[in-house]
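2 protein chains.
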Amino acid sequence: MAVYTQVSAEALARFLARFDVGDLVSAKGIAEGVENSNYLVETTRDRFILTLYERRVSAGDLPYFLSLLDHLAAQGLPVPPAIADANGRAIHQVEGRPACLIRFLTGVSVSNPTSAQALAAGDALGRMHAALADFPGQRDNNMGQPHWQPLYERCGTSLDDIAPGLHRDLGVAIADLAAIWPHHLPRTTIHADLFPDNVLMLGERITGLIDFYFACTDIRLYDLAVMHAAWSFDATGTGHDAAVGDALVAGYARHFPLSKEDRSAFPGLAVGACIRFTLSRAWDWLNTPADALVTRKDPLAFWRRVRMYDPALASRLPTLA
Amino acid sequence: MAVYTQVSAEALARFLARFDVGDLVSAKGIAEGVENSNYLVETTRDRFILTLYERRVSAGDLPYFLSLLDHLAAQGLPVPPAIADANGRAIHQVEGRPACLIRFLTGVSVSNPTSAQALAAGDALGRMHAALADFPGQRDNNMGQPHWQPLYERCGTSLDDIAPGLHRDLGVAIADLAAIWPHHLPRTTIHADLFPDNVLMLGERITGLIDFYFACTDIRLYDLAVMHAAWSFDATGTGHDAAVGDALVAGYARHFPLSKEDRSAFPGLAVGACIRFTLSRAWDWLNTPADALVTRKDPLAFWRRVRMYDPALASRLPTLA
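Chains as they are written, first to last, in the numbering used here: chain A, 24 to 344; chain B, 24 to 344.
It is worth saying that the hints were derived from the structure and are not from the lab.
In silico lysine to aspartate or glutamate, DMTMM-like type, Cα no more than 25 Å apart, as pairs:
no. : chain 1 : residue 1 : chain 2 : residue 2
1   : A       : 51        : B       : 257
2   : B       : 51        : B       : 108
3   : B       : 320       : A       : 118
Short derived list, chain A residues pointing at chain B, Cβ under 10 Å:
no. : residue
4   : 65
5   : 129
6   : 135
7   : 223
Okay, the calculated beta carbon distance ranges per label pair:
no. : chain 1 : residue 1 : chain 2 : residue 2 : range
8   : A       : 84        : B       : 46        : 31 to 41 Å
9   : A       : 156       : B       : 46        : 34 to 44 Å
10  : B       : 128       : A       : 198       : 49 to 59 Å
Backbone N, C-alpha and C fix where the C-beta goes; we use that ideal spot for every residue, glycine too.
From just these sequences and the hints, can you work out the full model?
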């Protein structure tokens, strides 16, 4: 959410000269996405996002992410393809960082989606999964269910600094989920982070799906569970908008109707999504200085959502009782 | 250089509805300018910068800054005018902050200006001063010469944490300058911060003068001295590009030829500019946590420039010897 690496106008003009995209007209560092540096770049011909990949995105994963963008763009999804240079290369080095030039998409990210917007977004997720049926790439979900226990252990008892009792309760929830995790459900390539931030809209029309840097191979329905948890609650995780959640599912079901088994597994998958974001936010919280300019996201906002998805589990957890 | 205040797409759309500027199409938080939050906003009709003024800009000064932008835009300078709403108001409140919508200008800020670019920039400064001859606004330069001693005293002996001996040497330089400061030279409205960052260019053409939030009434020639110190050195303040400095002066002299008195006062004004930026950077350095995401600018980069402008003074200062 900041510009970590400065790129001078001169260096940017030299970089653009590798491509057939026109001459530099404007460049602004933008505060967007996971921990990358992004510039909104305008040339005499078009607009682009230049992304420099900082520590969170591994350079080795870039070919996977870019082939995913290309695949989805080729299938007509509103996904920004990476631009290849005169030699056909899309992955470059800029100021010592791996970097890509990606087409700019219009649209804004809503903060409080309406049901109509959620219906469109659920529909877009379904279309995306349908388009990915023949995508050959594979990538482990390094924030997936098998990784929660190790990340939990790395956070350790400091979790109690966030909320007294959180260390015990999160351990209980992770163990509970491990016992019921629906490993048998269909797997595919998922976005894994399709928050409202990562969907561009104009009114009720989807104009862009962005920020695929958590994309991976995992349970297909888990992607909808992540979206449900991200879209249908207020910022504190206490108020739930059932109409928004239902609209997401209805939009998605146009492409992948939910089976009886899907429906029974869904609350568990959603609790899993809550644990995943509670854990990553807790880790960031415990490892980000309070006075840093990056806004630390409240880890408890996702933890509180567990109450809605599994009241029986929540009743056994003092931090949620 | 970061987005301090988040503005949701919904709030932004409501804000834009006050104006006759079309509907929201895109919005990106941008990393630009002094300590304000800036968004690059695109509507169905045009592009704008939305600025939310954070602590460094006083709300009471906004009418002065906006009338200055309007005056310069009306005179044909490449300055972005603030947009008035349906009721003629240009100063608004957004998320509890004073805010203005300003026209977007294309162009990029160069990092290593050429002589031709410096000539154009010096010319633009001269045109700006000529256009300001009948501007009635007045504002004290709160970073001007009379304010250096108090700011120096607030920094105190911590200055020696930046470089051993800096506290003594800076005190000597401030006292020296106070004795020779050319108070009698003509005064006007000056930009006071026209670094390469604040000039937008396309090739050798000036497309924008921006970030007027240090503008004030002070010695006219001091503005050129600030520019000279900002434009004609490398980032460390040791390498001086005389051709770039000469080009700035030559471009400026097309509008305001330098008198003999101007020429003899110029090195002192430039040393003053070096002191001003050494002091403000030292203050920020001493008051910004080392791990904050804002890049702290090296206070010594401006201090080292004193060597070029006044070798005799520098020879008496151990930190510069």
